[in-house]
Each structure stands twice: as C-alpha cells, then as structure tokens.
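Number of protein chains: 2
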Amino acid sequence: MKSFIQIPFDSHFPIQNLPFGIFSTQQNPTPRVGVAIGDQILDLTAITTLFEEHVPELKDPSNVFSQSSLNSFMSLGKPLWQATRRFLQNILSNGNPKLRDNDQLRQKAFVAQQAAKMHLPAQIGDYTDFYASKEHATNVGVMFRGKDNALMPNWLVFIDSFYIVRYINLKKKRSRVHLPVGYHGRSSSIVVSGTDIVRPCGQRLPVKDQPPIFGPSVKLDFELEMAFFVGSGNKPGERIPIDQASQHIFGLVLMNDWSAWEYVPLGPFLGKNFGTTISPWVVMLDALEPFLTNGPTQDPTPLSYLEHNFPSAYDIQLEVKMKPNESDSFKTLTRSNLKYMYWSLKQQLVHHTVNGCNMRPGDLCGTGTISGRTEDSRGSLLEITWNGQNEIEFENGIKRKFIEDGDEIILTGYCKGEGYLIGFGECTGKILPALQ
Amino acid sequence: MKSFIQIPFDSHFPIQNLPFGIFSTQQNPTPRVGVAIGDQILDLTAITTLFEEHVPELKDPSNVFSQSSLNSFMSLGKPLWQATRRFLQNILSNGNPKLRDNDQLRQKAFVAQQAAKMHLPAQIGDYTDFYASKEHATNVGVMFRGKDNALMPNWLVFIDSFYIVRYINLKKKRSRVHLPVGYHGRSSSIVVSGTDIVRPCGQRLPVKDQPPIFGPSVKLDFELEMAFFVGSGNKPGERIPIDQASQHIFGLVLMNDWSAWEYVPLGPFLGKNFGTTISPWVVMLDALEPFLTNGPTQDPTPLSYLEHNFPSAYDIQLEVKMKPNESDSFKTLTRSNLKYMYWSLKQQLVHHTVNGCNMRPGDLCGTGTISGRTEDSRGSLLEITWNGQNEIEFENGIKRKFIEDGDEIILTGYCKGEGYLIGFGECTGKILPALQ
Ligand SMILES: [Ca+2]
Ligand SMILES: [Ca+2]
Ligand SMILES: [Mg+2]
Ligand SMILES: [Mg+2]
Ligand code: NI
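Sequences listed follow chains A and B, in order. For the first sequence, the UniProt record's numbering assigns the number 1 to the initial residue and increments by one for each residue that follows. For the second sequence, the UniProt record's numbering assigns the number 1 to the initial residue and increments by one for each residue that follows.
Excised from the complex, chain A in its bound form (with noise of 0.2 angstroms):
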C-alpha cells in the first residue's frame, strides 16, 4: 500500500497508519478533524463531499468532521470507524487519481503539521488510569516500603484499587493478582503535548513526626504510559463483555502522568491530578493489528469475564527523552514496551465496567506506568534513579535525580512493520516554575 504523499521511510505517520486529531490552522482557527499522513495532514472538513458519495453511511461527514472534538465520530461506532479508514486508505493510494490529480482541491485538503495547531483529540468525559505493569509495581513497592510495614494478607485480598497496597503484596511475593487495578484520574487537567506544566506546590514532610510544611514538589517526575479512546460506550448497568471489548476501544495514545512524589506517593489525588500529557494523534486499533502479540502469561488464571484465548497484548516500542533546562539536547532516558502490561487493553476495559459502570465515547483509560524487566526499561525517575539515590548523568556534568525546572521530556513509541512505522509521534511536556 503507497500514497500519492511522499512519505520518508522513518515516518510514524504512513497510509498503514491515518490517526485522527483535531487540528487548526492561522488561516482557520477554528479546531476541526484531520487525519495524518506523512508530514501533511488530510483535513477532512475539506472532502465531506467525497465522503458523501463513497461512505453514505455515515450520515452527516460535515458536521462529524466539524467538530471540535472526536466524539461525535467516537460515537459512531466500529463499522463507521472502518469504512471510513478504507475509504481514507483508498482515496490517498497512489492508484486513485480523484485526489491525486486534483489539485484544487489537494490545495484546499492538505495542511502541513508544522504549520497546524493540534488540540485534545476528545473531550474527555472520566479518565482513570490502571496500574497494569508488574514491573513498575515491583519496583515502587521494593522502593517504598521498610520490612516492617507488611499488612496481613487477609488485608491484601481485598483491595483492587489501591495500588500501594498491591506493591506490598508483589514485594511478599504472596501476590494473587486477579483483576487489574484502576483508579479515577482528573480529565480537566488533561492537556495535549506540547502544553508547559506548572511544578506543583502542596504539603510535604521533609522532617518526620514534624509538622508538614507548604511548597513546590522536589521530586517531580514522568510516567511513561499509553492509554486508549474509548469509542462506543456502554449503558449504565450493562456491562462488555471480553469478546466485544476491542469493538469499544477506538485508539491509542502515547500518555505522560507527571507526578509529584512527595504529594503521593501513595495516591492519585494531588500528586498526579496537576497535569496529564497526551500525544494529539489517535492511532486506531485497526491499525494496531498487525502487532498484536502474546502478553506475559497470567497465572492464576483470570475469572472468566477477564479470560481471552487470543493474543491481545500489542509489540509497540517505547522511548522517553530528556532534555535538561541548561542543555540543547535530548538524551533517551529508558526504552520499554507495551507488551510488557501484565493485564491486556481489553481486559481493564472489561474490568472497569463489570459493575455496569457506563463508558462513554472519548473517556480515556491509561495503562498505569510501563517499566520492562531491564534496568533500561523503567518508566519514571522514581524508578531509574531509585527514589533519588542514583542521579543520571548528561552533557557537561549535568546531572538530574528529579526533573528541575526548565526541563523538558518527550515520550515517543512506534510499532515496526516490514518496511514502515505505525507511529505515535511525540508526547512533549516541558515543566515551568511553581508560582509563588
């Protein structure tokens, strides 16, 4: 499969792939759906005729393609999401003349990315972010608790929701890890990549049995994560069942859950609901599939709401830079996988609505922190530089245990096909000072 759109080999962004966002323009600010490929992107708002003849289906292209948001395409549905990939897939192949040689209107429907605004892909109704990855749990647990603070196992069973109390669990190695873990993250402060953050100020405790005091967090961190759309959602009350689940998930984002350490360590609350990073461009499963792979084996075996016999996890490598305030230059900090999740994308969306808790088109679920077994593969500063006991090293003696102001980190992944990429682009974030 080839485009008429020149597309350089290590572009994320080939015909196989045709992302969704939302993206304006100097000469029309007004945000609206386009699909990228190659360097350009496609505006769809620009061939809602095209879409009227070839895709009937989809009963109104120009107001679904208007919007400022995906949800409404969201919305529609699995079947509509396809026919509109094959018809994308069809109209950019180089063997389609109607766009091709049709330059009026190739003037009018492509805008390059450089030169485009993107925005939130979605309006994000509930976001909540699970804690998929053993690993990651292994190491904060390992990291965080003295060998005196064990609970009683009696305690452990019981929790599905609190993550700190599964590191305990993982550390005794009594771990009985049957239901993927989540919790209720802040969708307001979700923001698209590229947006600055502010350092966080709250309560910490430097002086144990001291009274707490106020000020800017010291220990200021990434989590290198993915997290997908939900597409269609589900009713109050009902709930998806495991064989129905990827018919929901619309598509995959790259996520950074900046973290404030010394807020949490132990919850979600102030430590992480000051800022959420995404990557604009939604990569549908559809084109995940050729990289759908076996996740690690899952012992004990799941109930059977959580089973699924087929591959489920997805090959989609990952890699975290950083680039220090007084240096010009990225260094990759770690390189992970998603595959490493110990619990599949279809099975915390299966999880979380088991109760008959509804989903709703453009909610957003991130993988919790994806660390591999490798020292190279950890997720976080937490976790690379042990809780600030290691420092990493960069050009000219800078150094970094945390991430100080100025800084700036970028999140990238990408699946490897024969001969192109399925790529996410980038996730960037740069961290500005604590207001006084």
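It does not matter which identical chain is used: a pair holds within one copy or between any two.
Keeping only pairs whose Cα atoms sit at most 27 angstroms apart, straight-line, the calculated DSS-like set for lysine-lysine is:
no., residue 1, residue 2
1, 117, 235
2, 430, 235
3, 321, 117
Hints in this document: simulated from the structure, not taken from any laboratory.
Given chain A, work out where chain B with the ligands should sit, using these hints.
Just chain B with the ligands, lined up with the frame of chain A:
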C-alpha cells in the same frame, strides 16, 4: 419576604431559596433552566425579555437559560448569579405586579413540579469525593481494622488520598489531620434523583485465602453526603485562595454515594463508580448564608492556605429514610447535619487546587459521608448495622443489614429559618437486581 406564589410553611422552596435546576415537560421536552418556587417551577426561558430589561449585565439570557445544563450560567461568575437571584426574588415578590398580574405570562412561565421531569443540573466534567467527617472515618476504621494490622506512623503521614489509611490513623489516636482527604470519582455514572440503580457485580472473596468469586454485591449501601458545584473555575497551575473560595462555589445538592462494600472496602473504584445520585435542585450559597455556623475546632491549626477565621460550616439538617421492597412505608434511618464535617467546603476547594489542579464550571465535589457523634446520626448502613452485625427492624418483622433489591432510599435536608425552610428537596433511588 413573601411571594405571590402560595408557599406552604413546610415547603423546601420559599422565595428565600430559589434553587436552580434543569427540567423538561411533556409539552416541551427540551431540557432548560428553571427555578423552584413552592410547588412550581419558574421557567426562565419564558421571562428572558424581563431579564434583558432588568439584568442587562446578563448578556444573552435566552441562550444561557435554554441550555440543557447550568454550566453556562455557572461560568458567568458570582456577581451575575447574585444579580439574577436578586431579580428573581424581586419579580416573584408579593409587591411586584409585573409577573404577578400578567396572567398570560404566568401561564407560560410557571410549570407544576409534579408535571416536570428533572435532569442532571450540570454537565459534570470532574467529580471528586472528599472524606471530611472524622466520625465516619473513625467508625469505619474501627470496624475494618484488626488490632494487629497497624501501619507504622511514618507511613501514615505521607498519605493524603487513601482514606483507609487515615482510618487507621484515627484509631490509633495518633491522627494528625493536616488536610482534607479526597479522591476522584466517576462522573459518567452520576444520575439525578429518581433514577434506578442496578446492583453491581464484581469479584469478591467470601473465603479467605481461596480464589475470588464473581457475583452481585451482597453489601450494598447508601452514603449520606452533600456536594457542591463549582461555579467559576481556575486556570491550570493557579490556585484558589481561601478568602476567594466562596466566590467559586455555585451551590449545594444532596448526594447518595452508593457503595458496594465488598468491592471497596478500601477503594473508590468498582465499589463506587456504578452510580451516584444527586438531588435536582442546586441551592445557591447565598441562600445558605444565614445558616453559617462554626464547624468543629481544628487541631492542629491547618497550614495557612487552609486557614479561615470566620464561620464556614452550614447548619443543614439531614435525614435518610428507607423503604424495604416488601414494605409500603419509609422508616427514618438516621439524622445528621452538614455542620459535623471537619473540613469546610471552602477548605476542600482550596486544597483541591493547591497544586494548580484546574476546576471547571459544573465540577462536583462531594463532602464524604456525614456521620455525627451519636449512633442515630450515622451516615451509612455499614455504620448503622456495624458491618451487618446488627439488623435494622422495619414494620411487619422486615429486617435489613444492607440494601436488598427493590429497596428505596431517600435523602432529604433543610435549613430551618425563622418561619421558613431552605430545603434541598429529595434525593431518591431504588436498587434493581443485578444483570445476569
Ligand atoms: Ca500512572
Ligand atoms: Ca463517599
Ligand atoms: Mg497526571
Ligand atoms: Mg457512588
Ligand atoms: Ni472525571
């Protein structure tokens, strides 16, 4: 202050109250903004020309009041809420002939509450539940904790958002309550009073050290709470100072935070996110001003960002009634009061934004379960039956430990003024059997 509308002495909605809500009628099924007065609703879309004449600072009343949520109105800010409220009290008052003597307009503008369908008052972007009652925390802590399960004190002080750990803290009488504990809840499953709730299913562990089983909750509960709507928000990275907090709070509703204890008891994920019910009428903070009173003494003195030296608790009498499925009548289960809360609403809001977390118009913050010091003021069945150890007796020998299918719960509440009530109406819900 008297209205030309007849108000029975025990009405929750005299002219001193004027709560806002979203309603629709059979004749006009489009949800729109109304204000409760006596047993009527004043349809604000019917009197927009009066608004244009008398409240010109309210730029586009026909747009604001024809919305299906209060978010637009909320985002206008307190001076406009107050101008609107003043105008409404004026136009509804006995002495003002404008609406009183205009039969045609009255015909159009008033709708019997009985004939209206109420909707969620706002599109809730984010929902946070606090945990601000020491009494509730103590009850649940004592109940769930085995004596041998003590955590080390140095653990506890780190924890600001996982309330189970705070329970333990309190039990050990080592509590140092430095901040309001909160967690993010699920906004998709917040429903308006009168909506049935399906009993949730999930994994539970009837036999210790055995694998979990899947099934419907057998410990389904209500939680007596109130909640405030954020009116005007704050920008990401900014915080709301304590002396401006009440400028940002639009008003209050009753809230039933349905809880399935076996999927909690320690976490607010699956045990909470299947459904939360709020009352339809939002009582504005200005209507509650006469009922400001001192809350509990705060010891230790909170850090300065949380400190306020003026009365910030509200004297709101609360009641929970239950009707078992087999019964025809409601029995009062508990009587409590919002003023028992350790942390004020202002402190909750300020703490929520101290890290720069941005609030948006329509965000909802629950107070947490409101239990008093006495046994007859406990705010949940968990506390009332002491985790099922004691049964509640209803007429004809009917007994309950937790909520059974078909049971109904009503929350209600009011402030008692001189010759009038400022009431919240009712927050009701019935439990339907779990899906198979
Ligand atoms: Ca996370
Ligand atoms: Ca609660
Ligand atoms: Mg975050
Ligand atoms: Mg709830
Ligand atoms: Ni939310």
